[in-house]
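2 protein chains.
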Amino acid sequence: MKNEKYGKIFYKLLILKIIEAKEEGIVFMKALYAQSGGVTSVINASAYGVIDEARKNGLEILVGINGVTGILKENFLDASDLDIEFLRYTPAGAFGSCRKKMKNDSDIEKLFEIFRKNEIRYFFYNGGNDSMDTAWRVQMEAQKRGYELKVVGVPKTIDNDLPHTDHCPGYGSAAKYIAISMMEAALDLRSMYVDSTQVFVMEIMGRHAGWLAAAAGLGWINGIGADVILLPEKPFNKDEFLSTVNKIISEKGYCAIAVAEGLKYPDGFFVSDMGFTDSFGNRQLGGVGFTIAGMVRSELGLKTHVAIPDYLQRSGRHIASKTDIEEAEMCGRMAVRYALEDNYGVMVTMERVSNNPYQIKYSSVPLNLVADQTKMLPKDFYEGYTVTDKFFEYALPLISGEFYPPFENGLPSYKLINLGKK
Amino acid sequence: MKNEKYGKIFYKLLILKIIEAKEEGIVFMKALYAQSGGVTSVINASAYGVIDEARKNGLEILVGINGVTGILKENFLDASDLDIEFLRYTPAGAFGSCRKKMKNDSDIEKLFEIFRKNEIRYFFYNGGNDSMDTAWRVQMEAQKRGYELKVVGVPKTIDNDLPHTDHCPGYGSAAKYIAISMMEAALDLRSMYVDSTQVFVMEIMGRHAGWLAAAAGLGWINGIGADVILLPEKPFNKDEFLSTVNKIISEKGYCAIAVAEGLKYPDGFFVSDMGFTDSFGNRQLGGVGFTIAGMVRSELGLKTHVAIPDYLQRSGRHIASKTDIEEAEMCGRMAVRYALEDNYGVMVTMERVSNNPYQIKYSSVPLNLVADQTKMLPKDFYEGYTVTDKFFEYALPLISGEFYPPFENGLPSYKLINLGKK
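Residue numbers (full-length UniProt numbering), protein chains in the order written: chain W, 1 to 422; chain C, 1 to 422.
Hints may contain errors.
Any copy will do: because identical chains look the same in the list, a pair fits if it lies in one copy or spans two.
To be verified - In silico lysine-lysine, BS3-like type, Cα no more than 30 angstroms apart, as pairs:
| hint | residue 1 | residue 2 |
| --- | --- | --- |
| 1 | K303 | K415 |
| 2 | K303 | K264 |
| 3 | K322 | K415 |
| 4 | K103 | K252 |
| 5 | K390 | K252 |
| 6 | K303 | K247 |
| 7 | K56 | K30 |
| 8 | K361 | K30 |
| 9 | K110 | K252 |
| 10 | K110 | K303 |
| 11 | K117 | K56 |
| 12 | K303 | K103 |
| 13 | K415 | K390 |
| 14 | K247 | K415 |
| 15 | K264 | K379 |
| 16 | K361 | K375 |
| 17 | K73 | K247 |
| 18 | K117 | K30 |
| 19 | K415 | K252 |
In case anyone wonders, no lab produced these hints; they're calculated from the structure.
Use the sequences and the hints to build the structure in full.
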C-alpha cells in the first residue's frame, strides 16, 4: 500500500519531467531488457513491469531475444509500441531465454560493440544466480571501459535460492503448483490404497535447495499433503527413510512422498545420478523419483506410483500465485526506478516487513553479492521428514491469491510473439 | 436445455408423490452407491448427482466405502443427511475406491447376504470397464436368486475407452489438464531451446487407448501444443519417429512430444515394459517417457526433458472442465432416474446430438455391452503424429468452461470425510 502510494507520486513527477524534456527536444536514452536462465510462470510479469515502467519514464526500450545469446547477434525487438498485456498472463520466456555464460573476452568485446552501436545505457537482466553473475560482469566491464551503463538485475527463479532477498519471483507460483498437485495426488492415493497403490512419489525441482520440495507439505493447512519430504539439505539415510515409510503405512495405510531432485547421500553423491554425463560433460540428474519408488517397492513390497512434473511446475501459469505475479511485476518496475535513481550494479530484492498482515518492501543488493550464491532452506524450516510452522508462516503468503489467465476454447489464451529464426 | 426442463417437471411430480407416500407412512427403499477403479477429478460430482437425486426421490441412500471391497465388509456410510456440497469440487474418490474384481462365489454369496440384511434395492456403481463387469454380474446374480435389485452403472474414466457412449465423465477434465500442461511446457521449451533443452517428452495415461495422449495436441487451437503424439493405436516405428523429430528440430529448433503409456511395438510389446512384474503378476508399465527421451538423446544427440504427470492428470480438479463436471453430476442423476423408471441392468451413456452448439442427450446401454470392452481412438481422429480437425471437433466441447474449487490459504479447500480404519 505504502509502496504503491510512493510509486504513484514518483510516476507523476517523472511523467511531468518527461513531457517537459520532450518539449525541449531532448532525446531519451535506450534501455535493454532480456530474460535468462530457467524460465518461470511469472517472468513475463517482470518483463511487463520493466517495459511499462521504462516507457512511462520516457526510455526507449529494446528487448534482447534469448538473453545474451541473442544480444550478441543483435537480435533485438523494439518494445516501444508493443502490446504488452499478454505478458501478465503468459508463462515461460516470451522473449526467449538462454543458459549462456559469457566466459571469454571476445563475447564481452562484442557485447560492448553492440551496446555502443545501439546506444544502450540501461541494461535490465532478468534471471537467477548465473544471470546475476553475467549482469555483474557487464557492469564491471562497463566501468573498466568508461562506458556509461546502468545495470540492474531483476530476480527470477522457482528454486528460491538467491541470497539477500526474502524470496524470489517465480517461487510462489511453483510452490503453489507443487502444493496443489501434492494435495490432489494424495487424495487420489487415499482413494486407491486399500487394494492398489500405497505409496506415491513426486519428484520436485529446486536444484541444490529444498524450497520447492518443502512446498509439497503446505497442503496440510487444508487437511492433506506430503507425508514424507526428502530435502537436499538433509543427507539421505535409506534405512531411516524406509522405516519412516513403513511406520506411516502401518498407521494410515498410504504414504505420499515428495523428493527433491537434488537429494544427496551423506557422501555428496546424488541419489538421482543417472550414471552418465550429457554432451556438455554435466552429470545427468533425473529419475530420483523412480529410484526412491524402487527402494520402497523392492524393500517394503508396496505398490508405487511416480509423478515427475518437470517443466509443468515451473510454467504452470494457469494456477500461479497472484501475490507472486504482482511482486514479479513490481520487481521489474523497481529495477527501472533504481536505475533512474542512479542505484545500479544491483539486483532488486524483497524484504519482509511483517507476516500478519503480509508486507514486503523493495530494496537492492550489489550484484556481486548474489552472483553464484545459493541460499538453502534454513534448519528451522524442517524437522525430520516434514516442514515446520515457521515454513508455513514463510511460504503461505507467497502462494496467496489466484490470477487466472483468460480462457478461449477451454484453454488459456497465451500469446506468442515471433522470436525470429533459431 | 430440453433435458433440464424435462428434469424439472419430472422432479416436481416425484416429490409430490413422495410427500403423499410419506404421509401415508410408506417406508422407502434403500439405495447403495459406491466408487470403483481409478479415480478422476469429477467422480465425486457423479456421487453428488446420485445422492442428491436419490434423496430428492425419497430413497434412503447408503454409500459403500472403497467399492465392493468395503461393501463386503459392510463398511457403509449413511448419506441421508450428509452435507454433500464438497463433492462438487473435491477430486479423487471421496468414499474410497477399489480395484477388486469379485471372482469367486463366496464373494457373491456374502454380497447378497449383506444386501438382504440391509434391504438394498438399488445399487449404483460408479466406474469404468471392470466396474461395469462387476455391476453386470451383480445384476445377473440378483435375477438368478430372485432378489429384487436394480443396478445402474455410472460411467467414469479418464481413459475415455468405454463403448456405446460418446465420451466418459472424467475424460474432459483430464484432457483439459493434459492440453494446458502441454501448452505450458511447450512454451517453456520454446524459451530454452536455443542453447539448452530441445526436446520435451510428456508421458500420458490412457492404458490401451490414445484419447488422453491425443489431447496434448488441443493447444494448437490457441497457438501451441505437442508437435509429435505417439498413440497406442499406431504401432511404434522408431526410425520413422526419429526422422520426424529430426525434421521438426531442423525446421523450428525444438520438439514437444506426447507419448501414451500404452505405446506398443508392431509385435505388441509395450515400449514402456519395465522388465518386471508386480506382486499381482501384472507386467509393470512406466517410464516410456524416459525410453523415448533416451532414444532421442542417444540417437539424435539432443538434450531432453521428461514429465510424467501420473496421478496429477487424473485428480487435477483445480483446472477441471465445467462441461465435464456438469455431465458427471447429470450421469449420477440419470442413473437414479433410470432405476426409478425400471430401466436397470444398464449404464448411463451420453449421445452427441450436435457439435455446434454442443448438445448431448442421456441414454443407457445394457451393462454387458460395456463390460471389459475398450473403445480405441477412431482412425480419422489422427494422422501421422498429429490429431485431425475431427478430433478437435470432438474434444474441444468436452474441455469447455472452468469451475474452480473454492480456495483458502492459497490452496483449494478440498474436504475429506473419515473413511474409517483400513
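A quick look at each hint next to the structure:
Taking the shortest Cα distances, K303 and K415 sit within 30 angstroms of each other only across copies (26 angstroms), while inside one copy they are farther apart (42 angstroms). For a Cα distance limit of 30 angstroms, the shortest separation of K303 from K264 qualifies both inside one copy, at 24 angstroms, and across copies, at 24 angstroms. Proximity of K322 and K415 under a CA criterion of 30 angstroms is satisfied in both settings, with 19 angstroms inside one chain copy and 23 angstroms between copies. Only between protomers do K103 and K252 lie at most 30 angstroms apart by alpha-carbon distance; the minimum there is 28 angstroms, versus 54 angstroms within a single protomer.
Taking the shortest alpha-carbon separations for K390 and K252, only the intra-copy value of 26 angstroms comes in at or below 30 angstroms, while the best inter-copy value is 47 angstroms. For a Cα distance limit of 30 angstroms, the shortest separation of K303 from K247 inside one copy, 16 angstroms, qualifies, whereas the shortest one across copies, 40 angstroms, does not. Proximity of K56 and K30 under a CA criterion of 30 angstroms is satisfied intra-copy only: 13 angstroms inside one chain copy versus 69 angstroms between copies. Only within a single protomer do K361 and K30 lie at most 30 angstroms apart by alpha-carbon distance; the minimum there is 28 angstroms, versus 61 angstroms between protomers.
Within a single copy, K110 and K252 get their C-alpha atoms only as close as 62 angstroms, which misses the 30 angstroms cut-off; across copies the closest is 27 angstroms, which meets it. Only between protomers do K110 and K303 lie at most 30 angstroms apart by alpha-carbon distance; the minimum there is 28 angstroms, versus 57 angstroms within a single protomer. Taking CA atoms no more than 30 angstroms apart as the test, K117 paired with K56 passes inside one copy only; the shortest distance there is 24 angstroms, against 77 angstroms between copies. For the identical chains of this complex, K303 and K103 are inter-copy neighbours only, at 22 angstroms across copies versus 48 angstroms inside a copy, given an alpha-carbon limit of 30 angstroms.
Taking the closest pair of Cα atoms, K415 and K390 come within 30 angstroms of each other only across two copies (25 angstroms); inside a single copy the shortest separation is 39 angstroms, beyond that limit. In this assembly of identical chains, the alpha carbons of K247 and K415 lie at most 30 angstroms apart only when taken from different copies (25 angstroms versus 49 angstroms within one copy). Taking the shortest alpha-carbon separations for K264 and K379, only the intra-copy value of 16 angstroms comes in at or below 30 angstroms, while the best inter-copy value is 48 angstroms. In the homo-oligomer, the alpha carbons of K361 and K375 lie at most 30 angstroms apart inside one protomer (20 angstroms), although the nearest pairing across protomers, at 57 angstroms, exceeds that limit.
In this assembly of identical chains, K73 and K247 lie within 30 angstroms of each other by CA distance solely across copies; the values are 25 angstroms between and 58 angstroms within a copy. Proximity of K117 to K30 under the C-alpha cut-off of 30 angstroms is restricted to the intra-copy arrangement: shortest distance 11 angstroms within a copy versus 83 angstroms between copies. Taking identical chains as interchangeable, the C-alpha atoms of K415 and K252 lie at most 30 angstroms apart only when they sit on different chains, with a minimum of 18 angstroms there against 46 angstroms within one chain.
In the structure shown, no violation is registered for any of the earlier numbered hints.
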